[in-house]
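Asks: Listed in order, the protein sequences are those of chains A and B.
In this text, residue positions in the first sequence follow the working numbering: the first is 166, and each later residue adds one.
In this text, residue positions in the second sequence follow the working numbering: the first is 166, and each later residue adds one.
Hints in this document: simulated from the structure, not taken from any laboratory.
As the structure is a computational prediction, the values presented were derived from the model and not from experiment.
By construction, the Cβ of each residue, glycine as well, lies at the ideal position given by its N, Cα and C atoms.
Among these hints, one or two may not hold up.
[To be verified] One-sided excerpt, in silico: chain A residues whose CB lies under 8 Å from chain B:
1) Ala-174
2) His-221
3) His-242
4) Val-243
5) Asn-246
6) Arg-251
7) Asp-252
8) Val-253
9) Ala-255
10) Leu-256
11) Ala-285
12) Pro-287
13) Pro-288
14) Ala-289
15) Arg-291
16) Arg-293
Take a look at the letters that make up each chain.
2 protein chains.
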Amino acid sequence: MRNVRLTIAYDGTDFLGWQVQARGRTVQGEVMRALERMHRREVKVSAAGRTDAGVHADGQVINFRTDIDSLPAARYHVALNSYLPRDVQALSGCEVDDRFHARYSATRRVYRYYWTASLAVPPAIRHRVTRLKYRPSIARLNQLARPLLGPHDFSTFTPPSEPSENRVREVHQIVFYPSGRFIVMQIAANAFLWRMVRSIAGTLIELDKLAAEPVEVEERLAACDHAAAGPSAPAAGLVLHRVDYG
Amino acid sequence: MRNVRLTIAYDGTDFLGWQVQARGRTVQGEVMRALERMHRREVKVSAAGRTDAGVHADGQVINFRTDIDSLPAARYHVALNSYLPRDVQALSGCEVDDRFHARYSATRRVYRYYWTASLAVPPAIRHRVTRLKYRPSIARLNQLARPLLGPHDFSTFTPPSEPSENRVREVHQIVFYPSGRFIVMQIAANAFLWRMVRSIAGTLIELDKLAAEPVEVEERLAACDHAAAGPSAPAAGLVLHRVDYG
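Here chain A stands alone, though its shape is the one from the complex (with noise of 0.2 Å):
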């Protein structure tokens, strides 16, 4: 048995999340469906980031195993986009040495979060991207991003129900930039708790509006307790947009 590593993109609007559930649509669902179509046996799917409902992916990663040995790795993103609604699609593959998981060999993910303060959405991008009712300071935002840099207790940022009994996950880089008319927020760490990303944008932005200074977001990171995390940023302006291993 092969195993295959793909990358993916989707856009979440349709979907309930990437796993799984008892009903309605998923992304894990569709591609399951799709490689047990090809492969007339149900077949695993293993993901790097689980994206809640609405969340999308420029570039998530997936692997699974396969018995067709007819069709090579390279080819087979073209093979399974036949199966996949237009709303999945794979986009590179590649086969990879057996002990490769794309969840537990992953050792970063990269999200990004779309803001913009237009006054019009443009409809076409309007299931990407959050709109911001006063005109942030980006210069303001990468200082109060910067106490969150490094390995920390996350308990502020994730619900309660967050199933890991460790919170600590280590952010490996968080800025702000301007981009077009979008202000774009970039994450990267080794591992993300439940929600952890939109949390975070959601509470920068409120300290930014507020002028906090940054030692509000240490105490806040401090007290380990989501009551003192701000308001969550939509799901709709977040993307996985890179996973990176080894």
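Based on these hints, arrange chain B on the given structure of chain A.
Replies: Chain B in isolation, oriented as in the chain A frame:
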């Protein structure tokens, strides 16, 4: 009564087109409903281009009369957006001379058609692009397009049910160019016949695939018969890009 001109954008995916119909969701219907809520009476709206079902607009122009004097015309679009659904938004606005009419005053409409030859269409833009299963020659497409420049009877490129008796239109520009992963056709004319852009787009792609010579386009144009056209390109790749006046 002031005459207000607005530039609007929409995602045509969930619309039956611009023009109000007996049943079904239309862009004009949504704009009129929003204006009616603002004015508490019916407000008639004209548009430069009556786009079909599934066709998008980045720069459609509309006009209407208003008696709301408290609102500067330059802020009109902001007020209207709060009544519009997210798939139609006004981008800018101004007050215009009483003689201005969005449709009859327009001197040039500019459309763009987007294709990709990628094996996977990124899900985020799937409604804005048509996938080609071969790699087109941009140089040949530009040669094939040249005979269409200038004033011609474009009967070949419109269904027989087109209502205008005079089917002469003047094409000012038609150019194919690469843009990122896209192949774009930009076409500008004083006005277009019904489905003319999609018919030209589909025919030129067909002829490029056949490695045809420009004389073939001349012959098809001269036939003045829709049977001489190739298959029309799908609605989803077409965008009303801009409208010029005066």
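Asks: Now tell me, hint by hint, if it's right for this structure.
Replies: Do the hints match the structure? See the list:
no.	hint	in the structure
1	Ala-174	holds, 5 Å
2	His-221	holds, 7 Å
3	His-242	holds, 7 Å
4	Val-243	holds, 5 Å
5	Asn-246	holds, 6 Å
6	Arg-251	holds, 5 Å
7	Asp-252	holds, 5 Å
8	Val-253	holds, 6 Å
9	Ala-255	holds, 6 Å
10	Leu-256	holds, 5 Å
11	Ala-285	holds, 4 Å
12	Pro-287	holds, 6 Å
13	Pro-288	holds, 4 Å
14	Ala-289	holds, 5 Å
15	Arg-291	holds, 5 Å
16	Arg-293	holds, 6 Å
Comparing the model with each earlier hint shows no violations; every hint is respected.
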